[in-house]
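Number of protein chains: 2
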Amino acid sequence: MTKIGCPYGTHRVIEPQGVLPQPAWKIDNTMEIYDNELLIEVDTLNIDAASFTQIKKDAQNDIAVMERMMLDIVEKRGKHHNPITGSGGMLMGTVSKIGSAWTGKTPVKVGDRIATLVSLSLTPLKIRKIRKIYIEKEQVEVDALAILFSSGIYAVLPSDMSPSLALAILDVAGAPAQTAHLVRPGQNVLIIGGGGKSGMLCLYEAKKRAGVTGRVIGIGSSKGSCDRMRHLGYADEVLQVDATDPLQVMKAVSEVTNGQMVDVTINCVNIPNTEMASIMATKDRGTVYFFSMATSFTGAALGAEGIGKDVTMLVGNGYCRNHAIVALETVRESPILWQVFHELYA
Amino acid sequence: MTKIGCPYGTHRVIEPQGVLPQPAWKIDNTMEIYDNELLIEVDTLNIDAASFTQIKKDAQNDIAVMERMMLDIVEKRGKHHNPITGSGGMLMGTVSKIGSAWTGKTPVKVGDRIATLVSLSLTPLKIRKIRKIYIEKEQVEVDALAILFSSGIYAVLPSDMSPSLALAILDVAGAPAQTAHLVRPGQNVLIIGGGGKSGMLCLYEAKKRAGVTGRVIGIGSSKGSCDRMRHLGYADEVLQVDATDPLQVMKAVSEVTNGQMVDVTINCVNIPNTEMASIMATKDRGTVYFFSMATSFTGAALGAEGIGKDVTMLVGNGYCRNHAIVALETVRESPILWQVFHELYA
Ligand SMILES: NC(=O)c1ccc[n+]([C@@H]2O[C@H](COP(=O)([O-])OP(=O)(O)OC[C@H]3O[C@@H](n4cnc5c(N)ncnc54)[C@H](OP(=O)(O)O)[C@@H]3O)[C@@H](O)[C@H]2O)c1
Ligand SMILES: NC(=O)c1ccc[n+]([C@@H]2O[C@H](COP(=O)([O-])OP(=O)(O)OC[C@H]3O[C@@H](n4cnc5c(N)ncnc54)[C@H](OP(=O)(O)O)[C@@H]3O)[C@@H](O)[C@H]2O)c1
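Those sequence lines, one after another, are chains A and B.
The opening position of the first sequence corresponds to residue 12 in our numbering, with each subsequent residue numbered one higher.
The opening position of the second sequence corresponds to residue 12 in our numbering, with each subsequent residue numbered one higher.
Just to be clear, a hint being listed does not mean it is correct.
For chains that are exact copies, the list does not tell them apart, and a pair is met inside one copy or across any two.
Derived pair list, reagent style DSS-like, types lysine-lysine, alpha-carbon separation capped at 25 Å [unchecked claim]:
| no. | residue 1 | residue 2 |
| --- | --- | --- |
| 1 | Lys262 | Lys14 |
| 2 | Lys137 | Lys67 |
| 3 | Lys208 | Lys234 |
| 4 | Lys140 | Lys262 |
| 5 | Lys116 | Lys262 |
| 6 | Lys14 | Lys68 |
| 7 | Lys116 | Lys294 |
| 8 | Lys294 | Lys108 |
| 9 | Lys116 | Lys68 |
| 10 | Lys67 | Lys108 |
| 11 | Lys148 | Lys14 |
| 12 | Lys219 | Lys68 |
| 13 | Lys37 | Lys234 |
| 14 | Lys148 | Lys120 |
| 15 | Lys116 | Lys87 |
| 16 | Lys143 | Lys87 |
Derived from the structure by calculation, the hints contain no laboratory data.
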């Protein structure tokens with residue numbers, strides 16, 4: 012093959028024409044690469060939680076039925092893009108071929124073990140065989156091939172941790188890297204959902220940036236996640252409050268900041284209706300970073316307007332330059348984060 | 012009355028308890044003010060377009076039926092919060108009483124003609140009589156009373172323009188004020204939907220900030236809106252492209268910027284599925300400001316990640332300090348904007 016495709020993969024869109032591979036219904040999963048593509052021998056699919064749950068439920072936990080459903084999705088769409096939930100997941104595998112015109116963002120060589128950081132919902136995939144479905148880990152062992160476009164991102168899997176630990180960290184890699192950009196020395200910072208996967212990484216990074224003159228506050232709704240934050244030791248204050256109750260959150264944050272509120276709020280929850288708590292805990296002219304995918308755009312925009320609050324609100328871009336390196340290093344830097352992440356995700 | 016309520020109006024929430032007035036199903040519209048509230052003699056309701064259209068359709072254009080539906084909403088909920096569309100609108104009226112503990116953001120006196128800049132979906136309202144429904148303007152002349160909480164925002168109506176022109180400008184007041192914050196001299200700026208109401212204000216403000224060394228590009232899908240941009244004269248380039256086609260937009264913007272792309276994109280469209288065009292037209296490390304309420308949070312977040320694009324994406328907060336003054340002044344400053352706005356909205 013000597014064909015060079017579009018860096019965004021539009022050359023593989025079958026229907027409807029004119030859209031990008033992600034919104035496309037069906038893409039071409041012929042496993043002959045274009046000159047600017049990368050071929051991956053896939054061994055593991057890490058199915059998105061929403062998608063996996065839907066398939067499991069529909070199959071009534073029958074592994075054989077789940078297998079058929081997954082093969083069927085890829086057969087019909089050329090990618091593991093669940094038509095019900097709209098979501099994908101990630102994959103792990105080994106680079107087996109690199110097109111001569113490949114211009115990806117980082118160096119890679121044949122034989123590297125990588126994880127793709129773009130969604131399965133846009134990745135051409137051909138499954139030869141499903142070897143095993145791991146219900147607990149929401150992972151599937153496969154014998155498959157996949158293609159990465161040159162606009163796609165991936166990370167070389169580190170050798171000092173298990174693949175499932177690395178995947179867990181890479182899944183939320185954007186959060187600590189963005190925290191590093193946003194937080195400055197001496198600031199008050201609030202991490203809502205600070206005891207979760209992305210939240211813990213943000214807590215660490217926020218304290219590192221805000222420093223001894225800054226104040227980092229973590230919020231969780233359960234005793235469990237609050238205890239975890241206390242155990243980590245990076246939060247100056249841990250508050251057990253329900254983030255769907257904006258007035259309670261505002262009151263609690265006001266108390267521990269002497270009414271000053273916070274300069275930066277980072278929202279890392281996994282549930283809806285926490286926009287107002289994030290906005291109200293933040294100072295006028297402060298910043299709210301919505302990493303949570305359960306954020307409602309209109310909820311945030313009209314909510315801030317409704318109370319005349321001049322805050323800068325950021326959409327949590329899953330990608331930022333070097334985010335994978337930053338996230339993996341964060342866990343390596345802190346022995347206690349390393350220990351907690353090992354216990355929870357290895 | 013000597014009671015001081017919550018600045019956010021939670022003291023008026025009837026059901027469900029514990030939420031803010033906007034998400035509440037029913038609020039207390041007793042027209043005796045708390046000490047930190049403002050009482051307004053309302054003469055005009057400016058019903059949100061989505062809400063007005065729904066009511067009109069449901070009533071099969073029968074004015075008497077529309078009237079009954081509107082009274083019914085306020086009767087049931089204590090506010091003009093359309094249960095089908097979830098939206099509200101704005102109101103115009105005269106300040107008739109100011110609570111002794113009122114601490115609003117700007118000075119106001121009894122007798123001032125004001126427009127509220129918070130949604131009707133959170134404003135306690137009591138309609139005594141509907142005088143006239145203006146189908147074309149989506150406005151309703153009423154004899155009514157309303158209450159503004161001290162966290163609520165409003166603008167004193169200017170004397171040099173008609174109320175309907177002022178309302179049109181105030182409706183999108185956040186856009187030019189944010190543009191002023193975002194754009195710096197010498198930058199390339201893209202306004203998607205630059206021929207619309209908010210878009211025209213942003214075009215003017217962007218050119219003013221980017222200056223002679225900057226480059227302002229306007230995009231519209233119809234010849235009409237593109238001609239309007241050319242007539243205004245503030246765009247260095249006007250491109251007629253469909254913003255739902257990201258590759259076409261990217262190509263067109265690349266051509267007029269010699270492949271540099273833009274530092275700041277401001278999205279002012281009124282239709283969905285334009286996130287990718289906004290992201291792909293912007294330089295790496297550039298900024299996208301989504302003023303459009305049709306923006307999908309996940310569309311933006313996963314879209315940027317899917318192509319590994321490190322852009323800062325901002326949620327269009329409808330409020331920013333002094334936004335009403337900035338927006339009204341924008342139109343006064345430019346004779347040609349003044350003329351076009353007069354023709355379209357006066
Ligand atoms: N932007 C992106 O690219 C991207 C990428 C990956 C993930 N995400 C999103 O990031 C979010 C977090 O992911 P994650 O993996 O870090 O989730 P996670 O590990 O499940 O953590 C969620 C945290 O939220 C807390 N929480 C839940 N309900 C709460 C409430 N009512 N009040 C206060 N805290 C509450 C939980 O603590 P308690 O149990 O104590 O309440 C938990 O610590 C998700 O919404 C996910 O979709 C975004
Ligand atoms: N954040 C806030 O607080 C706030 C407040 C008010 C309004 N808004 C939102 O702001 C947006 C704009 O409001 P507006 O009053 O300025 O709207 P508008 O006057 O109707 O203008 C919309 C513009 O979008 C253009 N457009 C539509 N489809 C397009 C396409 N496919 N490609 C390129 N351009 C396209 C239109 O031009 P053509 O007809 O030529 O396509 C038009 O010029 C709305 O989504 C509204 O919800 C937000």
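Status of each hint after checking the structure:
1. Lys262 <-> Lys14: Close across copies (20 Å), not inside one copy (61 Å); limit 25 Å.
2. Lys137 <-> Lys67: within (21 Å within a copy, 51 Å between copies)
3. Lys208 <-> Lys234: within (16 Å within a copy, 50 Å between copies)
4. Lys140 <-> Lys262: neither (55 Å within a copy, 40 Å between copies)
5. Lys116 <-> Lys262: between (45 Å within a copy, 21 Å between copies)
6. Lys14 <-> Lys68: Close neither inside one copy (42 Å) nor across copies (53 Å); limit 25 Å.
7. Lys116 <-> Lys294: Result: close only across copies, 15 Å inter versus 37 Å intra.
8. Lys294 <-> Lys108: Answer is neither: 51 Å inside a copy and 30 Å across each miss the 25 Å cutoff.
9. Lys116 <-> Lys68: neither (38 Å within a copy, 52 Å between copies)
10. Lys67 <-> Lys108: So Lys67 and Lys108 fail the 25 Å test inside a copy (34 Å) and across (61 Å) alike.
11. Lys148 <-> Lys14: Cα proximity of Lys148 and Lys14: none, with 38 Å in one copy and 56 Å across.
12. Lys219 <-> Lys68: The answer is neither: 42 Å in one copy and 57 Å across copies each exceed 25 Å.
13. Lys37 <-> Lys234: Close neither inside one copy (45 Å) nor across copies (33 Å); limit 25 Å.
14. Lys148 <-> Lys120: Result: close neither inside a copy nor across copies, 29 Å intra and 63 Å inter.
15. Lys116 <-> Lys87: Cα proximity of Lys116 and Lys87: none, with 31 Å in one copy and 57 Å across.
16. Lys143 <-> Lys87: Answer is within: at 21 Å inside a copy they meet the 25 Å cutoff, but 56 Å across does not.
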